[in-house]
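Protein chains in written order, with the working numbering: chain E, 1 to 138; chain F, 1 to 138; chain U, 1 to 80; chain W, 1 to 80.
These are computed hints drawn from the structure, not numbers from a lab.
A couple of the hints might just be wrong.
List of simulated lysine-lysine pairs, BS3-like, C-alpha gap at most 30 angstroms [claimed, not checked]:
no.: 1; chain 1: E; residue 1: LYS116; chain 2: U; residue 2: LYS34
no.: 2; chain 1: U; residue 1: LYS38; chain 2: E; residue 2: LYS58
no.: 3; chain 1: E; residue 1: LYS62; chain 2: E; residue 2: LYS84
no.: 4; chain 1: W; residue 1: LYS34; chain 2: F; residue 2: LYS130
no.: 5; chain 1: W; residue 1: LYS28; chain 2: F; residue 2: LYS84
no.: 6; chain 1: U; residue 1: LYS46; chain 2: E; residue 2: LYS116
no.: 7; chain 1: U; residue 1: LYS38; chain 2: U; residue 2: LYS10
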Amino acid sequence: MNKIIEIVKELDTNTVYQELSHPQSGGICVFVGSVREITNNEQVMALEFETYESMALKEMHKLADVALEKWNLNKVVIKHAVGKKDVQDPVVIVGASSAHRTACFEACRFLIDTLKETVPIWKKEMFKNKSVWVSAHP
Amino acid sequence: MNKIIEIVKELDTNTVYQELSHPQSGGICVFVGSVREITNNEQVMALEFETYESMALKEMHKLADVALEKWNLNKVVIKHAVGKKDVQDPVVIVGASSAHRTACFEACRFLIDTLKETVPIWKKEMFKNKSVWVSAHP
Amino acid sequence: MDLLFFGIAKDIVGASQIKMDFGGKLPKSVSDLKSALKDKYPEFSKLSSLAVAVNSEYADDNVQLQSNDEVAIIPPVSGG
Amino acid sequence: MDLLFFGIAKDIVGASQIKMDFGGKLPKSVSDLKSALKDKYPEFSKLSSLAVAVNSEYADDNVQLQSNDEVAIIPPVSGG
Numbered sequence: 001m002n003k004i005i006e007i008v009k010e011l012d013t014n015t016v017y018q019e020l021s022h023p024q025s026g027g028i029c030v031f032v033g034s035v036r037e038i039t040n041n042e043q044v045m046a047l048e049f050e051t052y053e054s055m056a057l058k059e060m061h062k063l064a065d066v067a068l069e070k071w072n073l074n075k076v077v078i079k080h081a082v083g084k085k086d087v088q089d090p091v092v093i094v095g096a097s098s099a100h101r102t103a104c105f106e107a108c109r110f111l112i113d114t115l116k117e118t119v120p121i122w123k124k125e126m127f128k129n130k131s132v133w134v135s136a137h138p
Numbered sequence: 001m002n003k004i005i006e007i008v009k010e011l012d013t014n015t016v017y018q019e020l021s022h023p024q025s026g027g028i029c030v031f032v033g034s035v036r037e038i039t040n041n042e043q044v045m046a047l048e049f050e051t052y053e054s055m056a057l058k059e060m061h062k063l064a065d066v067a068l069e070k071w072n073l074n075k076v077v078i079k080h081a082v083g084k085k086d087v088q089d090p091v092v093i094v095g096a097s098s099a100h101r102t103a104c105f106e107a108c109r110f111l112i113d114t115l116k117e118t119v120p121i122w123k124k125e126m127f128k129n130k131s132v133w134v135s136a137h138p
Numbered sequence: 001m002d003l004l005f006f007g008i009a010k011d012i013v014g015a016s017q018i019k020m021d022f023g024g025k026l027p028k029s030v031s032d033l034k035s036a037l038k039d040k041y042p043e044f045s046k047l048s049s050l051a052v053a054v055n056s057e058y059a060d061d062n063v064q065l066q067s068n069d070e071v072a073i074i075p076p077v078s079g080g
Numbered sequence: 001m002d003l004l005f006f007g008i009a010k011d012i013v014g015a016s017q018i019k020m021d022f023g024g025k026l027p028k029s030v031s032d033l034k035s036a037l038k039d040k041y042p043e044f045s046k047l048s049s050l051a052v053a054v055n056s057e058y059a060d061d062n063v064q065l066q067s068n069d070e071v072a073i074i075p076p077v078s079g080g
């Protein structure tokens, strides 16, 4: 299986190298998105992620397929967490492995950029006295 | 300590996320280089890495410092393996974490590209009937 | 018509799934549905964007709706 | 003069560290050293590049050599 697509409660960053490893891959590029404690100078207490799971998984598979089509990749991983996440927790992992490094770098950047645009997952920032759905308003 | 620089016998890919994690980092980008079984249509049995260790560590520190200067990074990791490595073994890990993802992607690519140009490490490809020092000859 | 709501859309209508009563005038297309929603909940007009998914695929404004479709209201996504 | 050799340079001279005898005419600069090496071991002229490190820093051709320097011969690197 050349793609691993998951939506999970807890992301495990330790397995991704094993998952992307391949005898024909000389390069593996992984991006992990994690919870940052400050947004616009305000302290973030936590993030809450919600998803339309059936559709999100479909979109993640499409995303992986586009990357596999566009670059010469041996493996692709896309995983996203849902639920409440604290500062420094991983919330998303995307990665690709390829014979040469340019392909996996470009694919990895494409995966995270496009995931943020198309996959139906929503993030609420929890501040001390309020909470905000990110990007909801102009 | 915002940089972790190592030359080791065995690379552990499981610790790098922990090492790059930072409360002010929203993005972590990691590149792992691993042994590919085929080079120029020939089967590689193993790679053998040799280093001028004191100088290699100096050059790796310089590399990290240039990246920390050029991008707004919270953490940088550069690790290289030495000795005999089999197909699929990791041989190099570079990574960076930053508030936003563009910085860590660019820095990660810079780290691996520049490491390959400046750090005194040499790789010998072991084929069935011969061995070749990579890049030694035009 | 059964509708699914996520993120801020869920907050606006106060539920994650509702059987919407459009006063007997069921929207025929995605475009009709968006208009009807914005009429009923003016907050939808204030969002950065508003998309609709039919059977878990993004649907253009001109897509026609069937009574047994799974229809979801997709406010601006913000994963990652 | 003590010299360190790595990678293919080690194979060319057959040792990782040697006290090089330049016939009493010690090279004064990096440039002199490279010429002397290429004279003694023609294989060095066939490499893609040849660098010298003095006290574990890359040294330009015009760097002057001292007798107590740690001098290393750096064939084309190929890490990663």
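For the pair supplied as a hint, W/LYS34 and F/LYS130, is the alpha-carbon distance within the 30 angstroms limit? 28 angstroms, holds
Verify the proposed pairing of W/LYS28 with F/LYS84, using a straight-line Cα cut of 30 angstroms. 38 angstroms, violated
Holds or violated: U/LYS46 and E/LYS116, Cα atoms, limit 30 angstroms. 21 angstroms, holds
Would you check the hint for E/LYS62 and E/LYS84, treating anything up to 30 angstroms between C-alpha atoms as holding? 26 angstroms, holds
Given hint U/LYS34 paired with E/LYS116 - CA-CA distance at most 30 angstroms: With Cα atoms ~23 angstroms apart, E/LYS116 and U/LYS34 stay inside 30 angstroms; holds.
Is the hinted pair U/LYS38 and U/LYS10 satisfied, with a Cα-Cα distance of at most 30 angstroms? Answer holds: U/LYS38 to U/LYS10 is near 14 angstroms, not above 30 angstroms.
Below or equal to 30 angstroms on CA atoms is what counts here, so check U/LYS38 against E/LYS58. 28 angstroms, holds
The structure shown violates just one earlier hint, number 5.
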